[in-house]
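> With chain A held as given, fit chain B onto it using these hints.
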Amino acid sequence: MNDASPIAPATGCRNTPILKERGQREVFCGLTGIIWLHRKMQDAFFLVVGSRTCAHLLQSAAGVMIFAEPRFGTAILEESDLAGLADAHEELDREVARLLSRRPDIRQLFLVGSCPSEVIKLDLERAAERLTTAYAPHVRVLNYSGSGIETTFTQGEDACLAAMVPVMPKTEARELLLVGALPDVVEDQALGLLEALGIGPVRCLPARRADDAPAIGPNTVFALTQPFLGDTHAALERRGARHIPAPFPFGEEGTTAWLRAVAAEFGVPDARFEEVTAAPRARARKAIAAQAAELGGKSVFFFPDSQLEVPLARFLTRECGMEAIEVGSPFIHKGLVGPDLDLMAEGPVISEGQDVDLQLDRARAARPDLTVCGLGLANPLEAEGFATKWAIELVFTPVHFYEQAGDLAGLFSRPLRRRAKLKLEAAE
Amino acid sequence: MKLTVWTYEGPPHVGAMRVATGMRGLHYVLHAPQGDTYADLLFTMIERRDHRPPVTYTTFQARDLGSDTAHLFKDACRDAYERFKPEAIIVGASCTAELIQDDPGGLAETMGLPIPVIPLELPSYQRKENFGADETFFQIARHLVRPQEKTAGITANLIGPTGLGYRHRDDIEEVTALLHDLGIGVNAVAPMGASPSDIARLTAAHFNVLMYPETGEAAARWLERAHGMAYTKTVPIGVGATHDFIAEVRGLTGATGVADTSRLRLPWYSKSVDSTYLTGKRVFLFGDATHVKAAARIARDEMGFEVAGLGCYNREFARDIRALARDFGTEALITDDYLEVEHAIEAAQPEMILGTQMERHVGKRLGIPCAVISAPVHVQDYPARYSPQMGWEGANVIFDTWVHPLVMGLEEHLLHMFREDFEFHDEAGPSHHGGHAPRAAAEAGGPPLDGQNIPEETAADVPVVQTDGSVAWMPDAEKELKKIPFFVRGKARRNTESFAAERGVREISVETLYEAKAHYAR
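Chains as they are written, first to last, in this note's numbering: chain A, 1 to 428; chain B, 429 to 950.
Pulled out of the complex, with its shape left as it was, chain A reads as follows (with noise of 0.2 Å):
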């Protein structure tokens, strides 16, 4: 099966020393995860319990309000709440009465802690479980946190599907549990490459609705979609599930290598991958020339954000000829996204963590061709004459797998294409 397997660089960057920085952080909290956390599950509601600030920093972060009613809420702590006058369990139930029977389609309910509500250390798993009892067997309640003090940005996912594990259903079947919230048309595209190649059965975290949620067992293998999720990956090693380590399925080379690493743990015959995966990988290698010809020898910066830094640089780096300066990402979890570092040669620093001036400096200083990273920064630094490509863009578009492989490469060529592309000076 080597045939097609991606070169590793005579040195990788998994050994090289990691950058780590304590200072600001222009990054999301974990709430954020909401946003496409309460689409991806239809029948759930995502209930923070914090303060206004969690409140305006979910509709700031939506960036256009969703019209239809959301799916989510933040039951806003008051005065009264912190000063003990009003015993905030009881407020908490009475509050989630009214949610529920105003939303009967709701089947599963999340609290989401909040840095005021951790602080204050309201416990939230208390309350869910007092509730579950109250609302079983119609909703079940679950509570993870998704304040800034503990989780940064994609953390939140990954706390909410860690939470999920340990109520799943145990089985002693075989299957493959895909773990990661994903688009729905990229989750089909993965299924039905996992169908073509005779691997199955297959099931999802999260699942779209409660009912089809996946049990677990010492006979599941999964696999990550994200490399944001290592809480969920301890939980789901506890109850004795075994994980496929691969690159992450971006770019034509990662989603082989992830696909390769999935059929090998189920015995899938070395002609059949050939036969199921030669057409889209044709596709996605043409689809990415396309965009690489622009992105060819440019330089990358990368502003942690989303995670996905490490695994996008190596696609960056591999497929479109990109260098990288600096991948910069909140946190780095090796045992995740090692096979990633292993594919990416030696040179950008890798760092961790944030002190965002003096990441600034490094920028500056380096001054990239393009640069990756939040909201916050993006149109400052385009200001200062830096092509950006805002990172947020790349959590809340379908990125994953061969498909999508053109339309990733292309978030990252359209900045510089449009560069290219205005002719706003005056002539002289």
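It is worth saying that the hints were derived from the structure and are not from the lab.
From a predicted model like this one, the values you see are computed outputs, not experimental measurements.
In this text, a Cβ means the ideal position worked out from N, Cα and C, and glycines have one as well.
Incorrect hints may have been included.
What the simulated footprint calls covered on chain B by chain A, stretch by stretch (three residues with Cβ under 8 Å from a Cβ of chain A suffice, anywhere in the stretch; the number is not a length) [said to hold, decoys possible]:
#1 433-446
#2 454-464
#3 474-480
#4 504-511
#5 547-561
#6 793-801
Frame of chain A, contents of chain B only:
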């Protein structure tokens, strides 16, 4: 605990950020956890600013809580001073930092920084964004303002504009031009564009123009009390208010210059025959108190609309808005719960909403056109073009903005005449808008689940349609109702039902429908 989905105002520290971001040479050190930096994007994305807000966040994490978050704060404060060399620093806490009680103000004072350090006390669990801006600007003024000799010519300060303000950028220009016509110069605009040294010189002006009471009233009152500076009470939004503002300024200053009204077009546009169709259009107003107050007067006196309901989300101005509502013969809705606003709008069945971005969404859902008059607004309400709300050009802009969402004069008649035209049927909405067709859900009465339950057409042979159990529609009447264009159908339904209920009619026939129409004819 209060459940909410969307909020009209952010937390108070966002108000402080609006002041800091509007100013120059000021830095804000905010004790806050990771994630609170989301607020930067309000300025860099929604307002499209090309600079990061001048804010340093301490970014404490869970593991710091047991040890020394105060130390983190002091480091952040020192680093911010070294790096940005501001003329003054404001320090405060976000909601989470308020709970850990590190007292940023006290900590910063002990550091001996060679610049003014202004502590902010913004109670996150009681107050909101506008209070935060108002209080922050007041504290900055209180700490920095010094007595000054008055300028030789008559000058004013423009008080209240901030970062992320609704049309503040353009209102400043319009008011400056208006004052110029009167022979009055501008000493300083603050907070927007002012440096701490400009704040120190505020007292060189002869009086203050309070542009936005929401964000500048505390400072204006204090300048009056402590430094004898009068401030204007009229906000010049609309033709009448702008005339009143000019009269007020003349009264305060004795200025004799004449305002040039040659660019003012609203009065003629409103008189021109094409505008006849605007007469008596029922509008619902919601937003911040200042913009609602101005909009109510414009709606009634300058556009010829009928105000069907009004309210504001900032409780600080509840008394003013209640008094205003009494003048308009309606009841004020004072709430920051957008669902309550939605219910009030649904009940009033206006033909147009003048509101915020929340009401724009409500309008979309109910199939009622909406124009935006107040913050909170989204990126499209920070237009590239000059688009003030104040002064003469502001009046012109408002005329255009409010007329735009409506079905135009003759088009309205054509819709009445040929209701079943397959292309121009009323469900298609105003023909100059793509995709503005109302949601059929608006007709369903009940709250739709995710806007998905678009009801089937009611066939003529189905039994009577129950609405609220007391009055029922006969199938023929229901069918006739459907022939009424969408922008008046809600009103027709409501009028007919109350007409029937008042007369004890339990079943609405086509007769009842037209009797009600004659009864309510205007």
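> Look at each hint and say if it fits the structure.
Results for each hint:
{"no.": "1", "hint": "433-446", "result": "holds (count 8)"}
{"no.": "2", "hint": "454-464", "result": "holds (count 4)"}
{"no.": "3", "hint": "474-480", "result": "holds (count 6)"}
{"no.": "4", "hint": "504-511", "result": "holds (count 3)"}
{"no.": "5", "hint": "547-561", "result": "holds (count 5)"}
{"no.": "6", "hint": "793-801", "result": "violated (count 1)"}
When held up to the earlier numbered hints, the structure conflicts with hint 6 and nothing else.
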